[in-house]
Amino acid sequence: MTDVATTAVTGSQPEIAPRQRRHNVALWLSLGWLVLVIASAVLAPWLGFIDDPHKPLSGPPEEGPSWSNWFGTDQLGRDMFARSVWGGRLSLSIAGPAVGIGIVVGGVLGVVAGYFGRWIDLGVSSVVNVALALPALVFALFIVTMLGQSYINVTIAVTILTIPAIARIARAQALRFAAREFVTVADMMGARWPRLLFREVMPNVVPALASIAFLAMGIVIIAEGSLSFIGVSVGSPSITWGNILSSGKGRLEDAPHIALITGGVMFVTLMALNFVGDEMLRRLDVREARI
Amino acid sequence: MLRFFGTRLAQLALVVLAVTLLFYWMLNLLPGNPCVAAFGGAATEEQIAECEQDRNLDEPVIVQWAKWGGDVLTGDFGKSYLTGRSFGEALNTALPRTLLLLAYSQVLALGAAIPLGLWTGYKQNTVIDKIASGGAFALLSVPVFVLGLVLILVFAVRLDWFDLSGYQPISEGLGAHFRVMFLPSITLAAGLLPVYLRLLRTDVIGTLQEDFVGTARAKGLPVRHVLIRHVLRPSSFTLLTIFGIQAAQAVNGAIVVEFLFDLDGVGSLLVSWVAAREFLLVQTLVALIAAVFVTVTTLVDLLYSVLDPRIRRK
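Chains A and B are the protein sequences, given in the same order.
2 is the number of the first residue of the first sequence in the numbering used here; add one for each residue after it.
32 is the number of the first residue of the second sequence in the numbering used here; add one for each residue after it.
You may find that some hints are simply not true.
Away from chain B, derived, C-beta distances all over 10 angstroms, residues of chain A [said to hold, decoys possible]:
| # | residue |
| --- | --- |
| 1 | 28 |
| 2 | 29 |
| 3 | 45 |
| 4 | 119 |
| 5 | 122 |
| 6 | 133 |
| 7 | 146 |
| 8 | 193 |
| 9 | 227 |
| 10 | 243 |
| 11 | 250 |
| 12 | 254 |
| 13 | 268 |
| 14 | 275 |
| 15 | 276 |
| 16 | 279 |
Not the full set, but computed from the structure, chain A residues with beta-carbon under 8 angstroms of chain B [stated by the list, open to error]:
| # | residue |
| --- | --- |
| 17 | 178 |
| 18 | 223 |
| 19 | 271 |
If you're looking for bench data, these hints aren't it; they were derived computationally from the structure.
Idealized CB from N, CA, C, for every residue including glycine.
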């Protein structure tokens, strides 16, 4: 993914160079932050400086940031830094598979619809349009309620939300490339449809899908955050960013750092995801999907 | 024209039927009989028996759904078998609050996005444009609940300008009403604003390239007049198409905002029914919301084709 970015940069023109350079700095900062968040989330159980997020009285309750508790402590004196990291761990472990499956299923549906057109396109497009018209959170809420509040079910619910949006973009991309000369040439040279679809059209749609993955990740993190904020995601004692914020809601007066710092971490992460995704789409010149 | 509308409305009816059937059928996927599964042991024998009879459980699912649909269409939305409270009664209190919240936030978002979009599109790549675009980008990355918490902390807890003690109807006085509704509406509007702003700005930049804009300027018309009278209308088509989808997304935000500000609207109703395992009510509400939004999106689409006749011929 990074080499897409760097090749695009080297080809930039002199007069847009300052802007390009600013975007590069922001891009590297965003990527750096994402690596930091993902690494700490993945390695949380093995990193010595991250406390046990469930251990009460790691410090005095509801204290602001200090040397021993970088992000302060919550109502029970649990270390907020550890809780933020573990919250991120759960949020990301839901968002990762959800986006992965969403990209594969949505991507294939969209490309097949865009490439074959006719009734396949009509079928896929109508389902996608209806799905996009429904309030996503209501739908996710319904699924989680029916199936039960567990990690798997929340992941299923948010995955279903990503598919129509991704399929729509993949379809637009496939339409755009299916009409290009190289596909027509391959067709005239006698290539059959699997070759046209998988060797000619699909590889051109993949870079756009990779960029969409970043944006979709942000959307899924917000969706899961909303679910756990209203208490309908994975049940306690699991820690998610959403339920930390929900518990910080009642303590705004005395301990605003609980909500503010976790909210801040979430905001910076989402901003980084959006920036990387948007910047990649800009460089690939994909207009349909920019946020 | 009439045929076009006819086809679209027929499609709409089909979609509404399919969507409600889907939601109806999902409840039957629960293991065991939906009446028992829904209450999970919290209901008495009689309550379950009453529910079974109301839901026509001895018939095939499609017949159950048709009878349920008939009941909903004639205004019988069912009731809670646990508390005896009717669906309609609960919705009567909740719906106006949610509709007001949605209306206020759309007015605020459009009210800010239209002038800002026109101005930043006109002043493309200036400092003002960059600040507005950067701000819009940042706003897109703030989850509704984070923004809401920050606004509550600053304006309600620290400054004490607004009330968080629950909903006040307009009949209690406009002052009291807006002291409660202002922060939630701003919170919700903040999520919609960047989407509208970015779309409108892009379209305005496109429209400004058109010859008629040059002509209007050459006639000596003031910039403001050109932007509002000549540029706005042709630039607003994309905004309109996205409005339907955004209206649906606004409901996501509304659920969270109502929860955050204790407004007891439709979203809170949904969340509390979920918590109480009132699956049958949840299902009716979700199906209704789905039907409303599919309808809204279709109507917006139709409106679009009225404004731009080229669409109809496609």
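Taking the hints in turn, this is what the structure says about them:
1. 28: Consistent with the label, residue 28 of chain A stays out of reach of chain B, its closest Cβ about 14 angstroms off (over 10 angstroms).
2. 29: Consistent with the label, residue 29 of chain A stays out of reach of chain B, its closest Cβ about 17 angstroms off (over 10 angstroms).
3. 45: 22 angstroms, holds
4. 119: 16 angstroms, holds
5. 122: 14 angstroms, holds
6. 133: Answer for residue 133 of chain A: violated, closest chain B Cβ roughly 6 angstroms.
7. 146: Nearest chain B Cβ is 5 angstroms from residue 146 of chain A, so the label is violated.
8. 193: About 31 angstroms separates residue 193 of chain A from the closest Cβ of chain B, which puts it past 10 angstroms; holds.
9. 227: The assertion about residue 227 of chain A is violated, with a minimum of 5 angstroms to chain B.
10. 243: Nearest chain B Cβ is 7 angstroms from residue 243 of chain A, so the label is violated.
11. 250: At about 6 angstroms from chain B, residue 250 of chain A fails to clear the 10 angstroms cut-off, so the statement is violated.
12. 254: 5 angstroms, violated
13. 268: 6 angstroms, violated
14. 275: 5 angstroms, violated
15. 276: 8 angstroms, violated
16. 279: 8 angstroms, violated
17. 178: Since the shortest Cβ distance to chain B is 22 angstroms, the answer is violated.
18. 223: 5 angstroms, holds
19. 271: 4 angstroms, holds
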